[in-house]
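**Q** Chain by chain, the residues:
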Amino acid sequence: MSEITSSDWFRVILGLLIAMGFSQLNALFLVWLERKVAGHIQLRPGPMEVGPHGLLQTIADGIKLMGKELIVPLTADKKLFVLAPVLVFTPVLIGFLVLPFGPNMVIRDINLGVLLIFAFSTFTVLAILAGGWASNNKYALLGAIRSVAQNVAYEIPLLLAVLSVVLMVNSLRFSEIVIWQQNHFWSIFLQPVAGLIYLISATAETNRAPFDIPEAESELVAGFHTEYSGMGFGLFFLAEYTNMFIVSAVATGLFFGGWDGPFGGLGIPGVFWFLFKTYALIFIIMWVRWTFPRVRFDQLMNFSWKVLIPLSLANLVLTAVIVKFVR
Amino acid sequence: MAEQDITQASQRVFSLNLGPQHPSTHGVLRVLLDLDGEYIVKADPVIGYGHRGHEKMGENRQYKQFLPNTSRMDYLSGMLFNHGFVLAVEKLVGIEVPERAKYIRVIASELNRISSHLLWFGTYLLDLGGFTPFLYTFDDREQILDILDSVSGSRLTYSYCRFGGVTSDIDSKFIDMTRAFLKRMESRWTDYDKLVSKNIIFIHRTRGVGVIDRELARQYGVTGPNLRACGVGFDVRRSEPYEVYDRLDFEVPTGSKGDALDRYLVRFSEMQQSCRIIDQALEHLPGGEFIAKKVPQKLAPPKGELYFAFESARGLCAYYLVSDGGPDPYRCHIRVPSFGNLNVLNDVLPGTLVADSISILGSIDVVIPEIDR
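Chains W and B are the protein sequences, given in the same order. Whatever position you read off the first sequence (first residue = 1), add 484 for my numbering. Whatever position you read off the second sequence (first residue = 1), add 351 for my numbering.
The hints are simulated quantities; they were obtained by calculation from the structure and are not laboratory data. Take these hints with a grain of salt, some might be off.
Straight-line Cα separation of at most 27 Å, DSSO-like style, residue types lysine-lysine; simulated pairs [to be verified]:
1. W:LYS520 x B:LYS524
2. B:LYS549 x W:LYS790
3. W:LYS622 x B:LYS442
4. B:LYS654 x B:LYS442
5. B:LYS415 x B:LYS608
6. B:LYS654 x B:LYS644
7. W:LYS563 x W:LYS552
8. B:LYS524 x B:LYS453
9. W:LYS520 x W:LYS552
Only chain W is shown next, with the shape it has when bound in the complex (with noise of 0.2 Å):
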């Protein structure tokens, strides 16, 4: 650890920094983006009238909410209930670290970068937990309940289907597995199933549609946050954009090939390219979200539990397999 200069940190802070200021930017786009998708889908235009075709309406419903009182119930744990908002959007920022938005644009490029990612990401269903607790309300604590036990039954899938990945090209730092397949295919081709079970895992860790049960509206009125008011659940909205984001980045740097235009790029520099692939993927996420209806509780466990982890363990030890003899 002793080669952690101040310049380090200096990367480190900064890029924390920036990773804040897009972050935010990139929740209030995707906020408008969804609203119009939904409308589109729906044969409605969406928002319209703040800023050209709706673009600023998520910054006026933003200030809106930063003016508006954060009610602590009576009844609630407050520290904890002030806490957790703030905790489910610090582990977020920390996947910006390892993220590589093009061949050199990572802010740290560390050799553990996809461990890193997934061992924060899991740190958001403690802070759902936190908040539906400490809120004291029954339909909160159901909803951090369901929370809870689908993060815990769809992170397994998640990580063995990142695993074949992290196998087969033998790193487990970003950029190599983005090199690995410029040289090679990308990884969707190659391993067409972890591909998918990675996509519909991490729908359902972003708790997104037809997996949103902990938030199921029409079942918990909105389940873990029913509490929260202003920016507290400002908070928490904003988290699940970025959450959506990181995911999809994490699927382009696996899956699709990360920076990696096809034919040579274009001329187009990989940056654009991470960002478009990463924005079509939750294109495809809102897509589903506002096609299907909401899956059950019961129905969503035995999913995981019967169908996807076997099937991802079976996908690793083949992987496992043909990376033995092929080497």
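Assemble the complex: chain W is given as a structure, and chain B must be docked to it using the hints.
**A** Same frame as chain W, but now just chain B:
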């Protein structure tokens, strides 16, 4: 020892007060749930939050004055309730209705039935977490509201029927709009079939969920699509035909298992059957008067009582009118289908999950203000 058991039991089961302010209790229903984890141990629907005293109002005013109230009990099938009341009073007094008026009423009623089912379709999918079908069906429903608005001047509380006919005749514009709507729906049924009926998540959420068998349905007096989903082909339009239903060719769709999927499918085909009825009624629409000429301004039916049943969008609905010979009814009782349909929850909900409780509640399609009146 016994005391310890009680504390353990009370810790294991916790009660959840679902509603009256809850996104999916459809109006102001409150259900007291006892939960063991996410499983429901006991369910107790509480009603009465939307009581407005419509029955008492009926006794305090003339028959004619009660007409607007009828559309406001079940605000989703206002035309059907209005139609039923007019039929009941006509039978009580003995008014002859012109043929054309009968056909117009049937067309308007069936349009209203489709609009009610479409709204149910959308909100049911909303309960299941699918947001998009809701906006599609509302778009379709909007066409019906426009059509009915063009003749009755109102989008929801129509009050279109009068003793002896209807308030205004339908014109070629109405017929064109209705025909255009029927044509539009032909392709929409296929769309909904692809988007919802064949959706694997939807099928898994509804098949075998909230089964109401024949015996249970009989005990609670469940009627309408919920009863037909158990395989009982009971429809007042078929069993005790009123107006011109006996002259029209339509099927009474039935299910077999009585689960949420069957209820969905029954309502789905019912909308298609209603389209068939409208199509035929438009075909056979006779000319002539749209309202009987000789209807007394002040109705004073002879002494007696009358029970008149008709098929609302939610099931068997009936008016029980008692006349003491005066200008207003001595007693005006309304039998609403939602009451029986809702109370079946007591037996159906225990053992299911919280998520299913919303799904089952949505699938039986209750309108709470209709129960509370």
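**Q** Taking the hints in turn, state whether each one holds.
**A** Here is how each hint holds up against the structure:
| no. | hint | result |
| --- | --- | --- |
| 1 | W:LYS520 x B:LYS524 | 36 Å, violated |
| 2 | B:LYS549 x W:LYS790 | 23 Å, holds |
| 3 | W:LYS622 x B:LYS442 | 53 Å, violated |
| 4 | B:LYS654 x B:LYS442 | 13 Å, holds |
| 5 | B:LYS415 x B:LYS608 | 43 Å, violated |
| 6 | B:LYS654 x B:LYS644 | 24 Å, holds |
| 7 | W:LYS563 x W:LYS552 | 19 Å, holds |
| 8 | B:LYS524 x B:LYS453 | 19 Å, holds |
| 9 | W:LYS520 x W:LYS552 | 25 Å, holds |
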